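Q: Now for the letters of each chain:
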Amino acid sequence: MMGQTLYQKIYSSHVVGKVNPSTDLLYVDRHLIHEVTSPQAFSGLTLANRSVRRPDLTFATMDHNVSTQRRSMDAAGETSRKQLQALAANCAENRIELLDLTHPDQGIVHVIGPEQGLTQPGMIIVCGDSHTSTHGAFGALAFGIGTSEVEHVLATQTLPQQQAKTLKVEINGEISAHVTPKDVILAVIGQLGTAGGNGYVAEFSGNVISAMSMEGRMTLCNMSIEMGAKAGLIAPDHTTFEYIKGKAHAPKAAQWDAAMQYWQSLYSDADAPFDHTVTIDASAITPQITWGTNPEQVMAVDQCVPAPASFTDATKRDAAEQALAYMGLTAGQRLTDCKVDVVFIGSCTNSRIEDLRAAASMVRGKKVAAGVRALVVPGSGIVKRQAEAEGLATVFKDAGFEWREPGCSMCLGMNDDRVEAGQRCASTSNRNFEGRQGRGARTHLVSPAMAAAAAIAGKFVNIAAVNTTPGAQP
Amino acid sequence: MSKIFAQGLVCPLDKNNVDTDQIIPKQFLTSVGRDGFAQAMFFDWRYLADGSPNLEFVINQPQYQDASILLTRANFGCGSSREHAPWAIKQSGFNVIIAQSFADIFFNNSVNNAMLLITLSKTNIDLLFNRCQQGPQQWQIDLASQEIMFGNNAALGFSIDPDIKQRLLSGLDFIGSSEQLDTDIAHYEQRRKANYPWLG
Chain H
1 MMGQTLYQKI YSSHVVGKVN PSTDLLYVDR HLIHEVTSPQ AFSGLTLANR
51 SVRRPDLTFA TMDHNVSTQR RSMDAAGETS RKQLQALAAN CAENRIELLD
101 LTHPDQGIVH VIGPEQGLTQ PGMIIVCGDS HTSTHGAFGA LAFGIGTSEV
151 EHVLATQTLP QQQAKTLKVE INGEISAHVT PKDVILAVIG QLGTAGGNGY
201 VAEFSGNVIS AMSMEGRMTL CNMSIEMGAK AGLIAPDHTT FEYIKGKAHA
251 PKAAQWDAAM QYWQSLYSDA DAPFDHTVTI DASAITPQIT WGTNPEQVMA
301 VDQCVPAPAS FTDATKRDAA EQALAYMGLT AGQRLTDCKV DVVFIGSCTN
351 SRIEDLRAAA SMVRGKKVAA GVRALVVPGS GIVKRQAEAE GLATVFKDAG
401 FEWREPGCSM CLGMNDDRVE AGQRCASTSN RNFEGRQGRG ARTHLVSPAM
451 AAAAAIAGKF VNIAAVNTTP GAQP
Chain B
1 MSKIFAQGLV CPLDKNNVDT DQIIPKQFLT SVGRDGFAQA MFFDWRYLAD
51 GSPNLEFVIN QPQYQDASIL LTRANFGCGS SREHAPWAIK QSGFNVIIAQ
101 SFADIFFNNS VNNAMLLITL SKTNIDLLFN RCQQGPQQWQ IDLASQEIMF
151 GNNAALGFSI DPDIKQRLLS GLDFIGSSEQ LDTDIAHYEQ RRKANYPWLG
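Going down the list, the protein sequences come from chains H and B.
The first sequence: position 258 = 258 (this note's numbering), numbered continuously.
The second sequence: position 142 = 142 (this note's numbering), numbered continuously.
Hint data in this document are derived by calculation from the structure and do not stem from the laboratory.
For clarity, every value in this text was computed on a predicted model and none was experimentally measured.
You may find that some hints are simply not true.
To be verified - Below are the DSS-like pairs computed for lysine-lysine, each with C-alpha atoms no more than 27 Å apart in a straight line: (1) 367/H x 397/H; (2) 193/B x 18/H; (3) 316/H x 15/B.
Unchecked claim - Here are a few chain H residues that face chain B, going by a calculated C-beta distance under 10 Å: (4) 17; (5) 46; (6) 152; (7) 159; (8) 163; (9) 341; (10) 369.
Note that CB positions come from ideal geometry on N, CA and C, so glycine has one too.
Hey, can you work out the whole structure from these sequences and the hints?
A: Dropping the structure here:
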């Protein structure tokens, strides 16, 4: 018998039955919810006289539109307050665990799931948020869903699915100093394109992945949606198990041993056929920066902004032309000559402790350049406390960064953390779409170290070319 | 049930990679309701910074008012999973979108709102855009026979997943049809508890 991919193993172990000839009903192990995409699902349940089937497998947080200035539902504005209150009421009524604004561990849903030990290998995890792909870093099949599907999962703890195609992304080679998991995934998206993963579940493997921390793997899987993949996956290993051990919701004692036995079977068999395989040479990757309005419009920071005419594909040529107009850039320009107005370090992509350490290493003893507004928004209460204990918060504050409360913040600007029209932002988030961070805002996606360096220099910097020590301890 | 799933005026949105942040910007996502999103559709493209309509944007042009079929390019609906995007499009009167490709989550969200999403090759999409350049188009979509009918006996076939076709034709409740497997769900939960007790 031919071997199975990790995806196929997880998929087949969750099949409840068939809804239609080619559609399976899959069981969901963890359902994460937040304030923005769940209220209509709960009202739908009420309308149809349905109840939440497994409140014990459902977990909620407040993150998308919370204020990062103070911990109060009132601080987010009237409509946001109502949405936060609706989540609190829905969770109370249905006995769903909620990490609300008064909870010390509250944070971004894709940061707290792993931190709380809710995310475990072999699970199916869904959430009404496209960056649910983050949890694939643990060898869980995790993907974003819409509100109708949230309602479906609340009612049945299942979801109808069809088997996706499988894509193997093998990343090998020696990573250079200053090249982070963010640079790796941006380079992958640059190569495969923003729709290159459509219809696929992408499994990342190779020596670069084996050596990567869980934080790095989460950054990688987080952005697999930005190449259109249904999910990103990484087979669990020693690094994964060490991360999970001892977390609040992690299995304990005999259950830990049973879980470990199962988790160790979760890998793609050597002879498992993938529908498509790509190999990436990591040694060729240098610090990346997006120049356009979708994540595939990316380049090495020491390159020049491409000329639209350099694209042979007419579609890409038009897209480049539109992107340059929106971004206020001209072909041939160097972004290292380009002034930044705002620096945002945060989001479900890059707001974990390692990200903050990397950023702080660029900042220590320096000052944010005049005229630059710089924010650090930790991903959760746990990250925030850890960063404060390590002295990173002081490093940022002394340099002139704003040190905020956890939330999604300026990644999507649902709260009042927005980039003004025409402003250029070095952002560690995941989407450089038009208007994403604010109407007319110009977003450049970069790694935390690149963002921090830009804050200090007041313009983009090729951190690989300057003499700095990455990841230096305080 | 009529064999015509939809008929009406076609609005050509000649863009690739239209993301859901464009379809409905963030400031409209704080609602707790499912209604009232029509005015928010393509807000930043539709209205200038001073709030006046952008007449260069196709959706605002007089000949495309009351359109019910949206024609667009590749990777439509990429990005955020917000179902507010198909809600806004449907509430604006569209129940069919024709494109070269769609992002996965957007596709599912649209089907869950009883919208028909038709995927065609780039060549055929080019052909449809060319038709639109000849003047306003009124098309009929026959889901049973899987055809876009242009009038004068001209038509173009399309393929569709048979399960999705069945769902759209029967109009079956999304949750209700899964609930028919309630016994299987209960059995699965028993096996899950026995084999993977740490999962809860």
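Q: Give a verdict on every hint.
A: The hints, checked one at a time:
At roughly 9 Å between alpha-carbon atoms, residue 367/H and residue 397/H fall within 27 Å of each other, so this suggested pair holds. For the suggested pair residue 193/B and residue 18/H, the alpha carbons sit about 21 Å apart, so the restraint of at most 27 Å is met. Taking the CA atoms of residue 316/H and residue 15/B, the gap is near 11 Å; set against the 27 Å cutoff, the hint holds. Because the closest C-beta pair between residue 17/H and chain B is about 4 Å apart, less than 10 Å, the hint holds.
Interface restraint check: residue 46/H against chain B, minimum CB-CB distance 12 Å, threshold 10 Å, status violated. A distance limit of 10 Å between C-beta atoms decides the matter here; for residue 152/H the minimum to chain B is near 5 Å, and the interface restraint holds. A hinted interface residue such as residue 159/H counts as satisfied when its beta carbon comes closer than 10 Å to some beta carbon of chain B; here the least separation is about 8 Å, so the hint holds. Among the interface hints, the one on residue 163/H is violated; its C-beta lies about 12 Å from the nearest C-beta in chain B, farther than the 10 Å criterion.
Because the smallest distance between the Cβ of residue 341/H and any Cβ of chain B comes to about 18 Å, over 10 Å, the interface hint for this residue is violated. Because the beta carbon of residue 369/H sits about 28 Å from the nearest beta carbon in chain B, more than 10 Å, this interface hint is broken.
Hint compliance for this structure: hints 5, 8, 9 and 10 are broken, all remaining hints hold.
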